[in-house]
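Given the structure of chain E, go ahead and fit chain P onto it with the hints provided.
Below are the chains, spelled out letter by letter.
There are 2 protein chains.
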Amino acid sequence: MQQGETRQPLVANQEALERIFHRPENEHSRMVLTKYMNQILFGLHDFLRENVGITEEIPLKTLSERFMSSRIAHSPVKKLTEVISEIIEELAPHAVNVSSPYFVGHMTSAIPFFMVHLNTIVTALNQNPVKLETSKVVSVYERQVLAKVHRLIFNRDEAFYQAHVQKPESTLGSFVEDGTLANLTALWVARNRLFPPSAGMAGVEQEGLAAAMGDRGIRRVRVLVSELCHYSIRKAAGVLGLGNSAVVPIAVDQNNRMSIPALRDTLAALRRDPETAVLAVIGIAGTTETGTVDPLGAIADLCREYGVHFHVDAAWGGPVLLSQRYGGLLQGIEKADSVTIDGHKQFYLPMSNGMVYFRDPAAMDAVAYHANYINRPGSVDLGIRSLVGSRSATALVLGSALDIMGAGGYALLIDHGIETARKFAALIRRRPMFELVTAPELNILTYRLVPEEYRDTGKGMSAEALARRTEALNRINVQLQRLQREAGNSFVSRTTLRRAGRPDTVVLRSVIMNPRTTPEILEAVLDEQEQIYRQRIAGVAECDPGWSGAMDA
Amino acid sequence: MQQGETRQPLVANQEALERIFHRPENEHSRMVLTKYMNQILFGLHDFLRENVGITEEIPLKTLSERFMSSRIAHSPVKKLTEVISEIIEELAPHAVNVSSPYFVGHMTSAIPFFMVHLNTIVTALNQNPVKLETSKVVSVYERQVLAKVHRLIFNRDEAFYQAHVQKPESTLGSFVEDGTLANLTALWVARNRLFPPSAGMAGVEQEGLAAAMGDRGIRRVRVLVSELCHYSIRKAAGVLGLGNSAVVPIAVDQNNRMSIPALRDTLAALRRDPETAVLAVIGIAGTTETGTVDPLGAIADLCREYGVHFHVDAAWGGPVLLSQRYGGLLQGIEKADSVTIDGHKQFYLPMSNGMVYFRDPAAMDAVAYHANYINRPGSVDLGIRSLVGSRSATALVLGSALDIMGAGGYALLIDHGIETARKFAALIRRRPMFELVTAPELNILTYRLVPEEYRDTGKGMSAEALARRTEALNRINVQLQRLQREAGNSFVSRTTLRRAGRPDTVVLRSVIMNPRTTPEILEAVLDEQEQIYRQRIAGVAECDPGWSGAMDA
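Protein chains in written order, with the numbering used here: chain E, 1226 to 1778; chain P, 1226 to 1778.
Just chain E, same shape as in the assembly:
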């Protein structure tokens, strides 16, 4: 990042601006940019393999020291080609190659190369779907894409879609930045429908939660969700003024699915308290930690019985509906009142894209906002019913991808993930060194390494001895995950499963969505873990925690 000593200083003047705004400054610059853009656009995965996350591990502290300066210089510091060369040659090596088939730890993975082309076009057009005047056909196109995914979820009849797809007053769904904001939007709508305007009160959105609850004699609002829910649910309850304590965790069964008896008991108990209102029950289609799907149909039936909003967090699992083979795993989702799906997860879109859908096209009326210059009452501006204002036209990417891939193309990806995860589970079960903790229902599983001396839990082991064993295994698996991440060959994540009545368990977590991830690669991941354990953990004093370990443990 040192500048050459003989070069001309860069200046900001009108001529430089004119140049910099419109095209590369000269033929050399154009050549350099062309080279990189060609690599990215036409050899994405090779480009990423060769350039990203391949250097030796650098401690975070060392890396941080390079990014300390906080001044914005008056004159340009670098030319465009220098900036781009540096991103690719100096930054990218210390980024994370999420597109590697060995990166099976998080819900971020390889994306099809054409997604980059599509996003490039979206960037160039720079439309803003908040209003028709800055998006026009893109707003119309977006409505169609929303209808397609709505239909995938709710499967209402042709007449329904003909009536609502382009009807300005109807809202089938809404694009937001991510699943967190999609869940927030769903609960925002549910909150406002729980406390609508009434004779003496203008509704919660207008008068606030304290007044709305007071008006109805409600002292507590509750949201019921499996204890394995995503933290965005608690966050949404916090943001909406309900408070985290409004979120009541419902125990899961042995398969990590919400226990229906527990839900029924809780609903019945809450109904007996006239000062408590249940705002929503949330079912999860693909829990973040274990990938399991709650019994959506049974939850839906209870919600109907109790007259409660039923939200499904399908941020992860939603696109499984595209698979003829496994779509049935989500049965019951069509009875939901609202559904979250993330585009940047199993629709394989680039970061980031969240969506929320409503069965009732009038549901989002409960959160409509107008302004004097846009979003005027009666206009077709999409910003009227939306948590966010200005946003990118990601509908173009999703709509195009659906055309290019077809449901069938997506199904190949989905099926590959689920089936490879099952094969991975079989591999884990075959190895004495590992214990499968949660089997994959979709394409996520958790497991842990259990060294021989910890394998015998013995019937008569004291509670104290059992706790010591859990503690030791937790420590081993924390270390193992960290050392493997630092070695940089492969990556699984870890989490701590916290379930009522069971000890907190540290597990290794694997998410299989890269179509190039094979059972052979997963064998190699296990081999490496065994090796790391034998060479770096067994019998060794606690290791140096490394780049983020100290703060991450």
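By construction, these hints were calculated from the structure, which means they are not laboratory data. Treat the hints loosely; a few may be bogus.
No copy labels: a pair is met if it fits in one copy or bridges any two.
As the list claims (entries may be wrong) - Taking lysine to any residue pairs in the SDA-like style, the calculated list, with each CA pair at most 20 angstroms apart, reads:
no., residue 1, residue 2
1, LYS1304, ILE1746
2, LYS1303, GLU1315
3, LYS1286, ARG1601
4, LYS1392, ASP1590
5, LYS1392, ARG1291
Same frame as chain E, but now just chain P:
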């Protein structure tokens, strides 16, 4: 969108998938893609001028009829090259060419061509800054960019930035999707700091607003902001459970700036009520409708006196700080507790990028969330203190743009906008047919067309006659803006200025930020408006409202 009759049907199978995921299917496909990508990456503005928004006006209804189908086909519908050709050749002509120098109506404009290159790289790397494990150096880089903008706003000393820029426990700011969510985040933090955990109460985020207010004997929470505030403030109050009625509009003075006497009176009156708490006062640096800047220093002083959180909505005006000539217009912003800035506005980033900054690096502790698999306590994951979870690494775009442009490069754009707006105001003042309604303080002005017969307001005109005149002028200007938009040569927006004690006034609104917008172009815009008035409005019965007019009026 008809498929050729002799072509092979597209199928989704493993081989097709392997192909589609990784590279263009053949040399022809690669050539087509190369052609378009070259046009976009190396001739952006020519590309947009030639391809976007150039066809004759199509009624929205006709356009909608093309996007009715809501089925996702099982097999791929189109090849990648077909999809991209169609976007460019069939969709783009009906999008809006926001990059035209004649498009001076909204806060969306031309972006420098290199922004597309940068966003393409960000898309390809697909990092997710929610956690270090999916972003690593990008998280560190983002912290630096946040520090740079924080310093631009708050200008704290070098030791402060050295201490906080890379300190995991410190949060100088946060990236969100747009200004709406930035304002929401700021008020979320302010709400939680108003109702922190106390002896008997675990804080509003945990226990909810009703309990928190009850605990303190508070019945009403208020947010004070100029009557010209962005609608996102009301929305934020609604989302946060405060209710829209919590937002108290403070009258503006003759220059459309918040009246300090009115603010002082309101604060004093509210203090006398022990059941009312003031959550925040919001100053605006660049109102959406008129571009004016509230007296930030005076507001800050009152906020200190009353111990109230001071938020500045500088979504529009923030980057004016980069201008040596006009940065002083924002004096007092450095005393704010929190500040919103939009990257996709005057930082000229692609859609969409919002940011919120906090003077106190510990402020966002009030909204910290953890999870078992990421964002664990003590980790450096940026997702811990953030409204959103997964998101795009837009910090790379902003940081790179600052390096390429320098403050000086941005200042040229900013200064051009402000000075061209002033010239435009002078042009309007010179023409008898137009009335300048709000002069530009930054680069936004409003005006209206006033035909000769409405020019004499006469001292003795009755209130009723005055109201009829306003009504007639409003109708004329609504029509004028619509007809000009439909003609497709140029675009100004319109809004209705609603200010206490003055009649609601429809105005034409012009936002000057495109460096190619010249006084000559603005003359042409006025010429066209005069011509439209003479040919299409004067003496003609009310026109057909056109594509969105009927619903938009």
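How the hints compare with the structure:
1. LYS1304 to ILE1746: neither (41 angstroms within a copy, 31 angstroms between copies)
2. LYS1303 to GLU1315: Answer is within: at 14 angstroms inside a copy they meet the 20 angstroms cutoff, but 38 angstroms across does not.
3. LYS1286 to ARG1601: between (51 angstroms within a copy, 18 angstroms between copies)
4. LYS1392 to ASP1590: Result: close within a single copy only, 13 angstroms intra versus 43 angstroms inter.
5. LYS1392 to ARG1291: between (53 angstroms within a copy, 13 angstroms between copies)
Violation of the numbered hints given earlier is confined to hint 1; every other hint is satisfied by the structure.
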